[in-house]
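**Student:** With the hints in hand, could you dock these two chains into one complex?
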Amino acid sequence: MDDLSRRTAMKVGGATLGTAAFARALAPLTEWTEDISMEGFLQKHYKELDRAEMEQVLRRLEDETYAEHGVEVSISDPRPTPGVSFGYALNLSICVGCRKCAEACHVENNHDRATNNSYIRVLEMKKGSIDMELGRVDYDHPVPDDTRFYMPVQCHQCDNAPCVKVCPVEATWKEADGIVVVDYNWCIGCRYCEAACPYHARRFNWEKPEIPAEEINPDQGYLSNRIRPQGVMEKCTFCLHRTRNGRLPACLEACPTGARVFGDLNDPASEIRWVLENKRVFVLKEDVGTRPRFFYFFDE
Amino acid sequence: MSNPSSEPPPVEIPGAHPIRTYPQFLWKAVGVATDGNFAFYAWMTALTAVFLVGVHAFARQTAHGLALTALSDHVSWGMYIGNFTFAVGLAAGAVMMVIPAYLYRDHDMHDVVIVGEILAISAIVVSLAFVNVDLGRLDRAWHLMPVIGRFNWPMSMLTWDVVVLSGYLAINLHVVGYLLYTRFRGATPNPKWYVPFVFLSIVWAVSIHTVTAFLYSGLGGRPFWNTAILAPRFIASAFVTGPAFIVLALQVVRRLTDFHVGDKPIATLVSVLRVTVLLNLFLVGAEVFTELYAGTAHSASARYLYFGLHGHNALVPWIWSAIALNVTAAALFLSSSTRTHLWRIDLACVLTMAGVWIEKGIGLIVPGFVPSTLHELVEYLPNALEWKVTLGIWALGLLVFTVGLKLAVAVFTGRMRADTAAQGSR
Numbered sequence: 123m124d125d126l127s128r129r130t131a132m133k134v135g136g137a138t139l140g141t142a143a144f145a146r147a148l149a150p151l152t153e154w155t156e157d158i159s160m161e162g163f164l165q166k167h168y169k170e171l172d173r174a175e176m177e178q179v180l181r182r183l184e185d186e187t188y189a190e191h192g193v194e195v196s197i198s199d200p201r202p203t204p205g206v207s208f209g210y211a212l213n214l215s216i217c218v219g220c221r222k223c224a225e226a227c228h229v230e231n232n233h234d235r236a237t238n239n240s241y242i243r244v245l246e247m248k249k250g251s252i253d254m255e256l257g258r259v260d261y262d263h264p265v266p267d268d269t270r271f272y273m274p275v276q277c278h279q280c281d282n283a284p285c286v287k288v289c290p291v292e293a294t295w296k297e298a299d300g301i302v303v304v305d306y307n308w309c310i311g312c313r314y315c316e317a318a319c320p321y322h323a324r325r326f327n328w329e330k331p332e333i334p335a336e337e338i339n340p341d342q343g344y345l346s347n348r349i350r351p352q353g354v355m356e357k358c359t360f361c362l363h364r365t366r367n368g369r370l371p372a373c374l375e376a377c378p379t380g381a382r383v384f385g386d387l388n389d390p391a392s393e394i395r396w397v398l399e400n401k402r403v404f405v406l407k408e409d410v411g412t413r414p415r416f417f418y419f420f421d422e
Numbered sequence: 094m095s096n097p098s099s100e101p102p103p104v105e106i107p108g109a110h111p112i113r114t115y116p117q118f119l120w121k122a123v124g125v126a127t128d129g130n131f132a133f134y135a136w137m138t139a140l141t142a143v144f145l146v147g148v149h150a151f152a153r154q155t156a157h158g159l160a161l162t163a164l165s166d167h168v169s170w171g172m173y174i175g176n177f178t179f180a181v182g183l184a185a186g187a188v189m190m191v192i193p194a195y196l197y198r199d200h201d202m203h204d205v206v207i208v209g210e211i212l213a214i215s216a217i218v219v220s221l222a223f224v225n226v227d228l229g230r231l232d233r234a235w236h237l238m239p240v241i242g243r244f245n246w247p248m249s250m251l252t253w254d255v256v257v258l259s260g261y262l263a264i265n266l267h268v269v270g271y272l273l274y275t276r277f278r279g280a281t282p283n284p285k286w287y288v289p290f291v292f293l294s295i296v297w298a299v300s301i302h303t304v305t306a307f308l309y310s311g312l313g314g315r316p317f318w319n320t321a322i323l324a325p326r327f328i329a330s331a332f333v334t335g336p337a338f339i340v341l342a343l344q345v346v347r348r349l350t351d352f353h354v355g356d357k358p359i360a361t362l363v364s365v366l367r368v369t370v371l372l373n374l375f376l377v378g379a380e381v382f383t384e385l386y387a388g389t390a391h392s393a394s395a396r397y398l399y400f401g402l403h404g405h406n407a408l409v410p411w412i413w414s415a416i417a418l419n420v421t422a423a424a425l426f427l428s429s430s431t432r433t434h435l436w437r438i439d440l441a442c443v444l445t446m447a448g449v450w451i452e453k454g455i456g457l458i459v460p461g462f463v464p465s466t467l468h469e470l471v472e473y474l475p476n477a478l479e480w481k482v483t484l485g486i487w488a489l490g491l492l493v494f495t496v497g498l499k500l501a502v503a504v505f506t507g508r509m510r511a512d513t514a515a516q517g518s519r
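For the protein sequence lines, the chains are A and B, in the order given.
Residues 123 to 422 in our numbering are what the first sequence lists, from first letter to last.
Residues 94 to 519 in our numbering are what the second sequence lists, from first letter to last.
Just so you know, the hints here were simulated from the structure itself, not pulled from any lab data.
What follows is a set of in silico ranges between Cβ atoms, one per label pair, in the way DEER data are often shown:
| id | chain 1 | residue 1 | chain 2 | residue 2 | range |
| --- | --- | --- | --- | --- | --- |
| 1 | B | M238 | A | G368 | 35 to 43 Å |
| 2 | A | G135 | B | A321 | 55 to 63 Å |
| 3 | B | V368 | A | D262 | 50 to 58 Å |
| 4 | A | A145 | B | R113 | 33 to 41 Å |
Predicted model, so just to flag it, every value in this text is computed and none were measured.
Just so it is clear, CB atoms sit at the ideal spot from N, CA and C, and this is done for glycine as well.
Here chain B stands alone, though its shape is the one from the complex (with noise of 0.2 Å):
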């Protein structure tokens, strides 16, 4: 019951078929969803609460137009774009589990990168969502639509990103979706239906972030994001947030599920980070330098971030903080070794996401417009309803996720299984 590699090889029943099996797998998954103990149902209606002051919020905001959030014509990106490039990030990083499971074929990966898997799902699911709030019409978003509306596909680095990011959705689904519903039935899966995928997925991953950054980094007319180094930057943040998130969220599932996760797994991971950490602030480090030691006038966005400029310093204390963050994270990731020292590993996780948050949120979207491409200074801070909004946002991952966890651990433990006429319902 507790060992999911352990188990007898799952045979395939008699008479199992999708057309019934189907429909139950998903009456079931409602069942599994909607059915826990205290602390659970305390969860779940928490993020709901917050879900809904999000929707209220934007709701609000759809009305009486965007004028009710912080940004202005200097400043037309702020929190949702910088918490969509975040969860790009998230979305991609989660692939760390993928390839030393898959391509390292390392087992007690194997046995547990689902969770990866759904953590892609849950992060696209966020970053979606930001990019929607965002936008000024949302009543027109099927223009967005290839076919049925003006796709401005290859020029528009956007379109590039609906076509990736809805893609990487989709492959992630299939395979969580298969595997799933294939150990629901009892059947063992078949490695044809979903390994190409997975590889797909990895490939994908990178895709997600790199084009990402080239919706930034293409603009001639905004010298702060107009750098190669941009999609290397993303991609090492990346690699830095998935791993500290799914280390988190192992934990939580050993602790309150019968789930086998194993430490190896947790152990991988960590020395991952310990690279992608120091390579994170390696890149920062040269960007960095490359904008002030020469002190041209491009780098007024960079002082502005790091500095201040001429007096206006709203960003100066955000980005000190996510430095700190990093580097104690850091710091932390090398001193630690993971079986003395979980607390430290957790904590260090924390700080990095943390400081993550803010390099490539707030302290890479607002600084791209200030000072704005006529050098006028005017600053930006999210307001109470951006944060509203956000909150409920990632509320919304949070619940996608839990649901995706409780399924998979319901399923792998063999809590979740189609009746078969012989054995009928537990």
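In isolation and in its complexed conformation, chain A is listed as follows (with noise of 0.2 Å):
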């Protein structure tokens, strides 16, 4: 009996003991638990938002980012227009690998500035070969180098998209105007995206992207790029705030060379089915079936 009621207590002890530890181990979630807002946690998917909601949802997310960044931002929710289907297409030929383009991109979209993230990446390769294997990112000298050719690379947003499809949560899709989007606030992280695209177009926030404050971009889109959360995939939607509202892609705006055509692939007037129907053009990775909208072309 004796023996008993000491091992009860022991066990009792142990318990004690053993949920103190746990609690104790847990102790970092709490800074996290702070971040999250009852109304955040609750949001419902971008598709289930009637437009009354949307407009509660882009308040709460502008004070927010008032409240963490001490700056007045207008997140906006443009829709695609009806009829229009975006296109992309770039000059090989005259592209000198100055990356000004992933530099506009990196600014526009309120990238986080430690990683120096861009959604475009630009390849260096040796002239006579496509054998991206062979080429290289982080070349470091004055460009062009005669001996070289240049390939930016960005989210091609695929008709077949492999990124869409194995989505768990519907968190990314496209859109009527062919834009691949994500909704920040539904994707899980699960980064399975990411494994699937074969055109290193997505990007995971590891942690919570740092600007400074000066430095944000106030003109933001719910699903391009207002300042994302931590954990979530982010992507290129080809500056969808600008592209839906009449205004070219920022990278297109820096682009000093002319190398890249943006429009609508419905328009047979614009100069992207120009480029289209008269240039020798080709898509990347042709074989895995992604079907993009993201197209290369030589000059004659």
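**Tutor:** Structure below.
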């Protein structure tokens, strides 16, 4: 009997100690939960929000941005224009590899400063081959090097997008104008899409992006360049907060050689249509069957 | 008391109604799970300590982001997903006890098959834990639930994995729970209530690992994984690790408890292993040949894994260790007879589990990302935080497995029984 009660006392003591140790081990989570509001936690999927609910979400996100960064931003939710289908083409004959496009993307899309993130990677390759294994992205010399050519790669907004197919929670999908978007407030961060993408077009927010207040671009889109939360995927959206309002992508405006052509594939008078009909055009990794909306071409 | 099969058939005790006996079953289970000798307490305390180290590392990772791991946009899955894959294999491999016991009516295996089912439960717990710690937003895990979330089924293979893994967990929980509870009440299990589920679990076991293979092999942009042999390889290696783990577990049970484990189940599992270890090596060989002989650009990942690529060779020592471990294990299995050289069998089991763990973990997941899809060479090896989380999850799995075994032994040896009005508790 004595032995039994001693045993019970030890069990109770052990359980108490164990619980205390467990609580202590989980302590870092308190800091994390402070960052998650109840509205944010319960927020519905983008496609399930009606216009009024969306308005509330946008205002809440603006308030949260102000609270955290002290900057007044305007977050909008521009929708696709009916009948418009975006396409992008890049002239490999004149790209000089200056990476101005990557830099413009970095600034426009409120990327994390420390990692120097951008949705565009520029490959430098030896003339005479397009074997990417012989290319490099970390070149560090004056450009252009005459023995080489340059190939910027970004999201190809594929019509048969592997990333959309694999997403377990439909947090990424293709919009009517062809742009593949991510709902940063619905993504669970499993990174299956990042594994599925053949173009290294997707990025993960390994930690919370850090941007000095004065460098934040205040013109933001819900599905595009608003400051992303930690732990979610992001990608190029053809700058939809600009392009759906009649402007051009930031990377195109920054290009000093005019290598980039953007427009509506449904408009027979558009420059992009002229390029596709008159130039020697190809898509990257055609064999993987992704049917990109991003084309490369050469001058005759 | 010792051999459950030589006991007289248990009879239903009048008045033992579930309303009364089920809470009692649970309460006594808590007692059994927390009671034991010094070695038991030492084991459980050690596992809990390792688990808590993992919990703390995971809490830090969740607060500061996965940036605390060695993962990157180039290698975006690593240690966690590798261990997930291995654990799913372990869970599927447990069926190698169920097949002889129920399909071939091997009575000796039938007496101990519960060990395999408890392994299946524990390994599924481990694999689910590994997927969850890999999520960037665990707070949104509910988005993955059918109906209340948005379940991209049937398109996404990950949703299939959610279905098959939770289904397998449910089936095995039902079978183990039903058998233990019925015996606890002193009743004879009704085959209608569990045999159909046992047969379902056999098919289901194959499905969990097939779906897990499809998760990778379905990606056209990753040539290293995009191969039809991946699912067969997964099944073959699952049938190595499952039986190997159970052979070791059965011997521990035999030495430390009064639950009767005969030599025959171990001998049966070893004969399974003699085949599956070789089959696994054969499939690996077939894969390696196809990758390397043709010498296409798509073999870059395989070249990186086995020989290194452009001076990057972080995985080379790992994969050759895996091959050495599996070949040595195969030699030991083939050369030993179970009766006379049990230690050699034990050694072979440990070696081959380590070998498959590398081959199917780091050795399968990481090369899929190296070189990256734009052919950049960024390497990956897990850092200290990832090791802590990983060891913590395996400690959790062993805790679940130990408690499960302890309950099964207590019920099967008759030490944990429902109280009856006449009898009262011991």
